[in-house]
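2 protein chains.
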Amino acid sequence: MKEVAVGIDIGGTFTKYGIVDKEGNCLINGSISTTREKELDGFLKVLKSTIDKAATSIKEAIEIKGIGAGAPNGNFYKGTIEYAPNLSWKGIVPFIDEFKKHYDLPMFLTNDANAAAIGEMVYGSAKHMKNFIIITLGTGLGSGLVVNGELVYGHDGFAGELGHLTIVPGGRMCATGRRGSMETYVSAPGIRRTVFELLADSLEESEFRDVTFNQLTAKMISDAAKKGDKIALQAFELTGKYLGEALADTVAHTSPEAIFLFGGLANAGQLIIEPTKRHMESNLLKIFQNKVKILPSGLTETNAAVMGASALVWKELGN
Amino acid sequence: MKEVAVGIDIGGTFTKYGIVDKEGNCLINGSISTTREKELDGFLKVLKSTIDKAATSIKEAIEIKGIGAGAPNGNFYKGTIEYAPNLSWKGIVPFIDEFKKHYDLPMFLTNDANAAAIGEMVYGSAKHMKNFIIITLGTGLGSGLVVNGELVYGHDGFAGELGHLTIVPGGRMCATGRRGSMETYVSAPGIRRTVFELLADSLEESEFRDVTFNQLTAKMISDAAKKGDKIALQAFELTGKYLGEALADTVAHTSPEAIFLFGGLANAGQLIIEPTKRHMESNLLKIFQNKVKILPSGLTETNAAVMGASALVWKELGN
Chain A
34 MKEVAVGIDI
44 GGTFTKYGIV
54 DKEGNCLING
64 SISTTREKEL
74 DGFLKVLKST
84 IDKAATSIKE
94 AIEIKGIGAG
104 APNGNFYKGT
114 IEYAPNLSWK
124 GIVPFIDEFK
134 KHYDLPMFLT
144 NDANAAAIGE
154 MVYGSAKHMK
164 NFIIITLGTG
174 LGSGLVVNGE
184 LVYGHDGFAG
194 ELGHLTIVPG
204 GRMCATGRRG
214 SMETYVSAPG
224 IRRTVFELLA
234 DSLEESEFRD
244 VTFNQLTAKM
254 ISDAAKKGDK
264 IALQAFELTG
274 KYLGEALADT
284 VAHTSPEAIF
294 LFGGLANAGQ
304 LIIEPTKRHM
314 ESNLLKIFQN
324 KVKILPSGLT
334 ETNAAVMGAS
344 ALVWKELGN
Chain B
34 MKEVAVGIDI
44 GGTFTKYGIV
54 DKEGNCLING
64 SISTTREKEL
74 DGFLKVLKST
84 IDKAATSIKE
94 AIEIKGIGAG
104 APNGNFYKGT
114 IEYAPNLSWK
124 GIVPFIDEFK
134 KHYDLPMFLT
144 NDANAAAIGE
154 MVYGSAKHMK
164 NFIIITLGTG
174 LGSGLVVNGE
184 LVYGHDGFAG
194 ELGHLTIVPG
204 GRMCATGRRG
214 SMETYVSAPG
224 IRRTVFELLA
234 DSLEESEFRD
244 VTFNQLTAKM
254 ISDAAKKGDK
264 IALQAFELTG
274 KYLGEALADT
284 VAHTSPEAIF
294 LFGGLANAGQ
304 LIIEPTKRHM
314 ESNLLKIFQN
324 KVKILPSGLT
334 ETNAAVMGAS
344 ALVWKELGN
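Chains as they are written, first to last, in the working numbering: chain A, 34 to 352; chain B, 34 to 352.
The set of hints was computed from the structure by calculation and includes no laboratory data. Please note that a few of the clues may not be correct.
As the list claims (entries may be wrong) - Pairwise CB distance ranges, derived in the manner of DEER restraints:
no. : chain 1 : residue 1 : chain 2 : residue 2 : range
1   : A       : K259      : B       : N181      : 39 to 45 Å
2   : A       : T172      : B       : K319      : 14 to 20 Å
3   : A       : Q322      : B       : K86       : 42 to 48 Å
Claimed, not checked - Quick list of in silico lysine to any residue cross-link-like pairs, SDA-like style, CA-CA up to 25 Å:
no. : chain 1 : residue 1 : chain 2 : residue 2
4   : B       : K263      : B       : E290
5   : A       : K326      : B       : T245
6   : A       : K274      : B       : I129
Using N, Cα and C, we set each Cβ at its ideal position, and we do this for glycine too.
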């Protein structure tokens, strides 16, 4: 019997699942709509029958050891999804309690970035690290902190919200109603806003002078930077400055061995890693200088969230 | 036989020691000069003979279970004191290795603020807390972070340097050569600098218009604030603003149950706690609001560093 874990990644539109072994081989995966069933109960029924069907389609004999799920605002301690802005279930959703009605298995929930941190630790590039951080750069900025080999959940299960560090007092407006949060600068929409600020501020020629705000994507910015577009290059320089300066403060908190960058914007590679590293170093206290690696994540992006969620099972069961 | 631990607090001028039982009763304590013996070896000989004499003077039968020491830039992992600016031993000092030549006992070293955190956990107000932070406000700003019941040492043993968060980019000059570090604003010298900035900026009457920079102390500022001196009150308001805003970012990292304030400036009580709490709350992400307590340390300041250092023994021996 091959021991496997089910990983589930709950997103605003799709919920992905995978059945993964201890070595990180995904035996089968797929997805269902998160929104087709309005009520949680209906959604969980569809999710269960889909997973069960997938499990029986695997030719090897398997034993499911547990289920791990990642969701926006997922709370590890309580197994709840709390006030997730992109999900249709409102308020505090007792996800684990409800899903336990369908499965008599160990079940764990956390947020997406924490799941990515655990994936990095179990299957990725942080296998031998006890102290590291993962920064997920997508439509927002998520983060997972690992200290002494354990994920930092904090007193309430919500620790590791580096996207909401205030990096520019009175700065850009954030969907949370606050201003100057890191994710309004360092994320796919953040770098888009930076490009538009630069287009307004400078007289530099740029291919983006003929692009609307809604047309612009982070991918277009990295493509343009690679071709030498000065506005695009400067946008990456500034993004790295914002991120690097903030990470210097993060290092003063937990002094990690490495900081992994993951997700859409991280795919720009050295365009984002080089300025981040340079600005972090120039803001570090001497005792921390030239010690902290900035690395691309070792998880491939396809299915990384599902992999991370499944890794939560191995981590928590101590396998 | 009563089990006891030796606590040692190495300061620039004096080195204090105490022999402490598991309940936090200090059976005897005293101090020696840190500077009279130029070499580490001579210092350790005097320290050992002083501790031995103190131990024999205790009437109860005791068994010393270990020795804990706190020192500026003390490294828990390596047992070294590294580039401590206020100590006459230069470079990297192998403190534990050298002291082990004198005692065949478990021996632990950390920095002063980490020792205070452990003291708070073992004897103080954080006995039942798994996630908390201590901020020590003296001539500098030190900090100790506790996550999942364990001290955060980080990859290199130097984590928890919140005094060196950059809170004002390009701000006040710091002894480290950097600018805008939190401890240049939030510490005894920091609030003194704030008073002088306010004297320069405003036209407000203040008793400090007749006081020189070198005469001014943090104690004078809290005394004046209690009497209603507007400059002094404003200085506490600003100090709380700087600290509270920074702590909001710290909460986003580790989401602690409580943040303890300890040391000289913390003795100002609500003068510093109230504005710190208010500014922290107004900068917190919604999920963290009204959850994190700001509390005075439960350690009495007399001997707190020695107590913390002794607590390191109980913590590490798992007693």
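How the hints compare with the structure:
{"no.": "1", "hint": "A:K259 with B:N181: 39 to 45 Å", "result": "holds, 42 Å"}
{"no.": "2", "hint": "A:T172 with B:K319: 14 to 20 Å", "result": "holds, 19 Å"}
{"no.": "3", "hint": "A:Q322 with B:K86: 42 to 48 Å", "result": "holds, 43 Å"}
{"no.": "4", "hint": "B:K263 with B:E290", "result": "violated, 33 Å"}
{"no.": "5", "hint": "A:K326 with B:T245", "result": "violated, 46 Å"}
{"no.": "6", "hint": "A:K274 with B:I129", "result": "violated, 40 Å"}
In the structure shown, a violation is registered for the earlier hints numbered 4, 5, 6, in ascending order.
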